[in-house]
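Number of protein chains: 2
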Amino acid sequence: MHHQYPSILLESAVNELSRLPGVGKKTALRLALHLLKQDKQDVIRFAEAIRNFREEIRYCSCCYNISDTEICSICASAKRNHRVVCVVETIRDVMAIENTGQHQGIYHVLGGIISPMDGIGPDDLTVDRLEERVKRGDVDEVIFALSATIEGDTTNFYLFRKLSVYPVQITAIARGVSVGDELEYADEITLGRSIINRLPFEKTI
Amino acid sequence: MHHQYPSILLESAVNELSRLPGVGKKTALRLALHLLKQDKQDVIRFAEAIRNFREEIRYCSCCYNISDTEICSICASAKRNHRVVCVVETIRDVMAIENTGQHQGIYHVLGGIISPMDGIGPDDLTVDRLEERVKRGDVDEVIFALSATIEGDTTNFYLFRKLSVYPVQITAIARGVSVGDELEYADEITLGRSIINRLPFEKTI
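These protein sequence lines are chains A and B, in that order. Taking the working numbering, I'd label the letters of the first sequence as residues 1 to 205. Taking the working numbering, I'd label the letters of the second sequence as residues 1 to 205.
Wrong hints could be hidden among the right ones.
Calculated lysine-lysine pairs in the DSBU-like style (CA-CA distance at most 35 Å, straight line) [what the hints assert, rightly or not]: (1) B:79 <-> B:203; (2) A:26 <-> B:26; (3) A:79 <-> A:203; (4) A:79 <-> B:26; (5) B:37 <-> A:25; (6) A:37 <-> B:203.
Honestly, the hints are just simulated from the structure, not real lab data.
Using the sequences plus the hints, can you model the full thing?
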């Protein structure tokens with residue numbers, strides 16, 4: 001449907017809002033008219049928060065997690081074990097693992113995963129910087145925490161070949177039946193991996 | 001789910017984005033990370049468009065449509081018939097009617113509808129300003145284009161009583177079976193109105 005907007009200011013706002021993923025022109029108009037009903041100061045704060053976020057956000061020069069500062073809060077923390085590095089694809093994965101509260105070490109964000117189909121190779125990722133960290137002898141253990149996909153496995157294998165020449169322990173997060181899942185509904189590959197990677201029972205309780 | 005954001009800038013952006021209607025924390029994070037992937041200049045333009053919209057938008061001093069200027073583009077147009085005024089609830093309705101291309105006159109935006117249940121009375125709307133326009137003798141015809149609801153009918157009736165003391169023609173948009181609708185699926189009240197308001201066949205083709 002063609003819309004004739006009564007205002008260029010409204011039209012610009014609608015056009016910009018409709019650039020958000022999953023937001024069409026109709027939703028964008030609804031959002032704009034919603035913003036019109038809010039206090040002016042609230043909308044200014046809204047716009048400034050987005051602008052500041054995009055303008056001032058940085059990537060940690062150590063782990064490539066997003067950060068407000070040169071070094072992110074995790075890499076800067078004295079409470080973390082800086083010799084255990086968990087390798088993840090994206091900052092979302094950092095947040096997901098942080099939410100578990102189970103990782104006491106630090107991170108390395110690859111910025112993606114090796115995927116020849118999408119034309120993404122090691123040079124598009126922060127693989128070299130990971131190798132440097134290991135080479136410098138900063139790391140005792142590297143934990144691979146990538147997706148359980150062909151691309152994830154490929155990347156794990158590539159990284160393993162790169163890093164295994166250094167005196168570092170290389171581990172990968174466990175694959176298995178999700179906690180709370182009924183066995184009969186687990187897919188056979190996951191279930192198979194669960195059996196292969198079985199643990200002494202004492203370690204599972 | 002509790003999120004520990006790795007950055008205050010990200011956290012602020014997510015908090016602000018989640019104030020949009022229908023956007024939860026999870027979607028807000030997705031939107032923020034999407035903005036992170038866009039060009040800095042594009043995101044600045046996005047934020048500025050929203051800020052400018054909210055800061056600079058005005059309401060037309062004649063019809064109360066939103067406008068970039070003191071008088072909106074419709075009220076300022078020499079191509080419109082300024083003596084035919086279509087009364088609508090909101091600026092969305094102005095846009096809907098403009099999209100039909102069937103109204104050559106101008107508008108009056110009430111800013112809502114009389115709804116005692118919601119505590120909205122005539123004083124909360126621009127009823128007085130509409131009466132002034134009519135009283136000044138600026139208007140030959142007032143077209144009521146309000147919702148086909150009890151509130152719409154109540155408002156129509158209230159406006160009719162206010163305005164019928166002046167020498168002005170008062171009309172209301174037709175209610176009837178939607179174009180393209182099969183007769184058997186039209187509700188009986190709409191169908192009834194269609195019959196009461198039947199037209200000479202020559203006028204319907």
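Tested hints:
{"no.": "1", "hint": "B:79 <-> B:203", "verdict": "26 Å, holds"}
{"no.": "2", "hint": "A:26 <-> B:26", "verdict": "22 Å, holds"}
{"no.": "3", "hint": "A:79 <-> A:203", "verdict": "26 Å, holds"}
{"no.": "4", "hint": "A:79 <-> B:26", "verdict": "28 Å, holds"}
{"no.": "5", "hint": "B:37 <-> A:25", "verdict": "21 Å, holds"}
{"no.": "6", "hint": "A:37 <-> B:203", "verdict": "42 Å, violated"}
Of the numbered hints given earlier, the model fails hint 6 alone.
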